[in-house]
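Undergrad: Chain by chain, the residues:
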Amino acid sequence: MDLSTQPVQNSMKPGKWVNSTCKMCLHSCVTRIHITDDGVVNKVEGHPTAPSNNGRLCPKGNAAILRHYDPTRFKTPLRRTNPEKGPGVDPKWEPISWNEALDIVGRELKRTMDEDRRKLLPAINDFQKLFLWAWPAAYGNANYFSSVGNFCGGGYHPMNGFVHSAFAAANDVNYCNYWINNGGGDGFSSHLHTAAQANHVAKARVERNMRVVVIEPRLSIGGAKANEWVPIRPATDRQFALGLCHVLVYEKLYDVKFLKKDTNAPYLVGPDGYFVRNAEGKIYVWDAGDGQAKLWDDPSIKDFALEGTYQVEGKECKPSFQKFKDILRDCTPEQMSEITTVPAENIRRIAREFAKAAQIGSFIEIEGRLLPLRPAGYNFYRGAQGHKYSAMTNQSFKLVNFLIGAIDTPGGHVGATLDDQMQEIRGGCGMINAGENGMMKTAPHQLHPEVPFSYPPNETHLMGYFPIGVDPGHLTQMTLENPEKFGLNYKPDTMLMCHSNPVWNLSGKREKWFEMMRGMRFIVAIDILPNESNEWADIILPAHDLLESWNLTMIEPPHHEGMCLRQPATEPLYDTKSEEEIFNEISERLGILEIWNTIQNFVNGFHQKPELLLDPKTKYGDKEIAERKGKLWNGQDLNWYIEHGHAVTPRKPEKWYRPWEGMRLHFYIEDILRARDDLKKKMEDANVAIRHEWEWYDYQPLPTPKLDPVHEEPQEFDMYAITFKDIQINFGESIGNPWINDIVFKDPVHTTVLLNTATAKAKGLANGDIVRIESPYGSIVARVSASQGVHPETVCVSNALSRIATQNSAVRLGGGNFNELLPANLKNTDACSGQPETVAKVKLTKLTVMPAEFMASNSAYAHGRGH
Amino acid sequence: MAKWGMVFDLRRCIGCNACAVACKQENTLPNGMFFTKTLSEEVGVFPNVTRIYIPTICNHCEDAPCERVCPTGATYTRADGIVLVDHDLCIGCGTCVVACPYDQRTRIESEMLEQGLFNNGELTPFEKQGNVRFTAGTVQKCTFCHERVDAGLDPACVATCPTEARIFGDLDDANSKVRRLIQEHRGRQPLPEKNTNPRVFYID
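Chains as they are written, first to last, in our numbering: chain A, -14 to 852; chain B, 1028 to 1231.
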């Protein structure tokens, strides 16, 4: 070949383009992939016809090729030959055949199954093949050894289920004019389809002058692009939101009509916190027009009272709106200012601006439907909601939106599904069901059905005690440390990981996690690259990467819907398999293939079209599962998807806006009290010893301003440590990818921990100084930089600085893992939602030199620069 | 004949460097080397502070100092305004690296290519197919993705930019988006005092 006549640019070389979908984070931006005539993948671009990401990709999506060609990939099944296990200890892998590896895995998992099925700790974290999360159910196990709340939202997902019957939520970029972002990166740096949301939000900002107000301890990308950055003391976001609610309620800036007609705000609440019902269970409201109590659906009601105190059925009761107003009496901007450090006048002004922007009373016609237009929304995510009282915190943000009538309405704050087709896994993904007394049925379970209560507990993380929560994987550290106290009558000794890194992502002491890993009789990991957790494995089962496998998915696309195709751009580079094949083979060896296929039918929604049902005895590969998902979505076969790449369209307005029309939303969440009392009774009946120290306060039907316990740590811990991620390192392991390293480790935001300039000066710290950051629970070491863009009481630790030693030397190490600073205990876990506290109180001690243990040649501190 | 130019909309740029990585993919750039990247700078004093993100690239100057100083004529300007380096003529003297006021030129060394993206002295198939474009000892820079442009496509950085902060087009066409943006928002060229007349404009 005469090279001089060949193009030099990769995308212009002779070859072909194939349609596919990104998986460099969990979301599903549609791509097209260029492969040269010699079969080399040499360019990945956003797909120009996909209306969600609009042909765009974030830096991670642009870096997929280097994951594909990463020389540290697992290339064959591997068996450990080094009996010694430890962090950074070389397992001395020995390649073995698939048959041998699967036989070993089958034999060891069968042994555990025969002894006690509960002894398996699964950690399955593939979000684009969510059905895999259900595999432990086929095994007969509901353990979960990984974090949810540390990534995203322990309280966030259940609250979206309560309010929207949805997994996530986003402000409606189509019409929003006033976008509040609290502790989340939507539209700027992280969360939902980052490249897509950044595209749509930039257009709204620039072309429509949408105002952005960002509330965060650190000047994030969103903060930098905002019209206003509101620095806030960490872990006081709920109090800020309640301050806004105070202004909205006491200055009567709320949407009366919405609250009366579309929510349970007028329902009367009795002294026990439950709604007041008649003998048939129907709920009373107060008709202010006739001055008497009536049943909620009485057609003679003239005016639903939102305020007042009444006597009904011999009980003193108040509309739930009045209950909230009572709480808000002690949430004045002045009071909330003392907690949040946000000036009271700013809280007041933002509330008024927000209410004004909401245009309460306005309507818009969309596809023949007249809808309330509320172009203002309060959006939030991991940072804002990652606190002990997470359920209350999430609800306080939702209530800001409730008050201005912005729930699920054009311009407002709208529920987003995880995957519309997974109807049963969460009680209706994308499905709205009618509940009792005119209300929408709540759907707090968004990832799996409720795990039944048990005592002795069947789950090491006590999932049976979180009937409306997300898996608190970190609690396994607490229960295994003291099994008698929790009545735990078995010791897990087997682990199955699939695209998961629990040793990295869980709160608590690393040394204790290491000890637990050492105690495992057998660990198998399905993965692509070495990480902190899979280097403890006995067997590695190598998976195809995203350029070698089939899938169809639509993960949390807020403004769009439709399945996106992943297809192999090349033959597998190595002796790898798809996750589908791997789980089939393991299932067959365990004799659970039939159950597994039945569960897959249920979870993937194939039961909705009987012709798609999997035959229980057949092993279906990734291509066959993908084809069925496509047919379920739009009846099209795989060839259609191969040609088009995706079925993405703008979200249908009937699904996006007020899909619950005619039902009432949960302004007041009685179900939380019901969950508390059911659990209390079960614990009493079973005589569960820890019921006396269970955190019963955490279950509130309305949020209160009570301080999270992190604020009550001893005074010597005078600073707050937070961690954060930016777009280059959003969701999952990117550090180690040379292109990501090349942009991340040039940026002082990711090579040093950030302190406010005045604080640094007051503490005698200069740029480049080394500090030990110590919480009551653990410590890390870091190099500091001063920044004006940091709340004065805060230390900001990039997630890029949290990696610890592994076999993947391209991964740059930080000075320890941030999660080491966080407690893995009940006191700092939301009993309602399972969310762990993600902020730590810390003290800083200046060190003269970087400790040798953090000075490996691949340390992040051996590179980069200060400010 | 079009005269190609680029507009950076600073209101849109979020500093994510998707542009830089897309460029690395498109052009198989070795580690540490960029044809484009985004800089950031904090401005102000707490709490009245923000951070600005500033994309940078070869400005394909109309009066390009790199071209003026090149002793062999390796650096040349196409009729459509794109400034390129003919690697057969480049002797790697580095004069242009010094002359460029925007620090946009890099002399590529054989070690940069041999070390490999994974720093292990081995080249992935991706690098093997891409590195053939480079001649060690010559000077490299952004080409405005001239091959893509000739095929009617946007440069890779423009095509991927999540926020559409990069707009590429014909500066001679009064109706082009770049011209309209420059006029409506009083587009500014970088370092105008250098009298290079860049074909890149910033708006905010």
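It should be emphasised that the hints constitute simulated quantities derived from the structure, not laboratory data.
Do not rely on the hints blindly, as some may be mistaken.
[Unchecked claim] Keeping only pairs whose Cα atoms sit at most 20 angstroms apart, straight-line, the calculated SDA-like set for lysine to any residue is:
id : chain 1 : residue 1 : chain 2 : residue 2
1  : B       : LYS1155   : A       : GLY0
2  : A       : LYS665    : A       : GLU680
3  : A       : LYS746    : B       : PHE1073
4  : A       : LYS(-2)   : B       : PHE1161
Undergrad: Confirm or reject each hint.
TA: Hint check results:
Under the criterion of a C-alpha separation no larger than 20 angstroms, the hint pairing LYS1155 (chain B) with GLY0 (chain A) is consistent with the structure, at around 16 angstroms. For a cut-off of 20 angstroms, the pair hint linking LYS665 (chain A) to GLU680 (chain A) stands: about 11 angstroms separates their Cα positions. For the proposed pair LYS746 (chain A) and PHE1073 (chain B), the alpha carbon gap of about 14 angstroms is at most 20 angstroms, so the pair holds. Our distance criterion of 20 angstroms between C-alpha atoms is met by LYS(-2) (chain A) and PHE1161 (chain B), whose separation comes to about 15 angstroms.
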